[in-house]
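*Asks:* Chain by chain, the residues run as shown.
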Amino acid sequence: MSKQRKAVALISGGLDSMLAAKTVMEQGVHVEGINFFTGFCVEGHTHAIRDKDKAKPKRNNSLWVAEQLGMKLHIVDVIEEYKNVLINPRHGYGAHMNPCLDCKIFMVNKARQWIAENDFDFIITGEVIGQRPMSQRKATMPIVAKESGADDLLLRPLCAKNLPPTLPEREGWVDRERLHDITGRSRKPQMVMAEQFGFDDYAQPAGGCCFLTDKNYSAKLVDLWQAQGNKEYELDDVMLLKVGRHIRPQPNFKLIVAREEGEGRFLQGYKNEFISMNCISHSGPLVLIDGSPSAEDLYLAARITARFGQGRDAEQVDINVMQTDGSERTLQVKPLNKQEIPEEWYI
Amino acid sequence: MNKETLNARRLLCPLPVIRTQDKVKQLKAGDQLEVICTDPGVMQDIPAWCRINGHKVLETKSSDHDYIIILEVGA
Ligand code: SF4
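Protein chains in written order, with our numbering: chain A, 1 to 347; chain B, 348 to 422.
Since the hints were derived computationally from the structure, they do not count as laboratory data. Take every hint as true, because none was put in to throw you off.
In the DSS-like style, the derived pairs of lysine-lysine whose C-alpha atoms are separated by at most 27 Å in a straight line are:
1) 370/B to 110/A
2) 72/A to 403/B
3) 6/A to 403/B
4) 83/A to 370/B
5) 6/A to 370/B
6) 375/B to 6/A
7) 72/A to 372/B
8) 72/A to 350/B
Could you put together the complete structure from these sequences and hints?
*Replies:* Next up, the structure:
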């Protein structure tokens, strides 16, 4: 009897990688999933933060996919290593701060290391030629295979028939005839396949799998890097960019204003690391001050904080200012009116 | 049988799942692990991870701001 072959599938939590894994499982290959946590993944953190997301099921889509497919899933923390991908992408960024091509190369390379360590035979991804303008084009397919070092151990079951045969196909570990030839941006073929396999309720995140494809998020990341004068970041920094309204009145400081209770609770956890403000004469949101504000800047920040509370139309409100060492004082300020906060302050 | 505790407070999903996964790798079948978290998302994610990977959830509970899951490592 021939040896049962083993493959690891990159699982993003979306439909394509789910279908790719399933296609190969159907051919009797043992498939396990691998999911990389970069710190920018859309699911996970966000549902934990915003109250408005509470109605949605709090599932992790990658775990859900693995459970539907009946396969093991290995979630790998790549937060530290990913910094180099995002800070210095050799192939540049996509429409926003998404370094998709470098990201793909990085993840396939990590998968290649994983199969070597775990005695697996090949790698599966859900890539489709022409699906994404930057990272999933015919020209980029060999780049990912080559630069990741995976070469022809990388099988893309959804578009394999449009690509040269890989080792798993040539060796007969999988039957090329039973792979697919999907191209282009249409989602139709995937939806038909999903129906055939009986998958419904799969995740279809509008902006893709990570915050880096989001215009507003990317603007906040660029602002962070500009303000600090370099492209470094820590996990907490990128987490905070997902939360609240960010307002930068001056290059040396910005405000992070909680938009609702869930965000307020989340920001509470950062009160030891940032100066924080909240209105005590009226109800209002918690605000963190990031940067190094002068006394005058804090006064302006307090007036902005007042603008977002119930006392916005009052002549004067009391704003509590708490330093990172826990010391507190109260500033009496007149709330800024709407026109006094220029659009360009909002990041 | 070993009983261990993992403090995953302040971590947001999927980090508590990743820390659980990494800890379980160091344990033996039959060992128990208590994971203490603050992200309510773990009540969904850690049991799902256990089902997929063949571990058994013995108990889930919450107290104050903590969410606690006790699991038994599978074979
Ligand atoms: S969308 Fe994000 S996770 Fe997906 S390939 Fe692009 S950079 Fe990587």
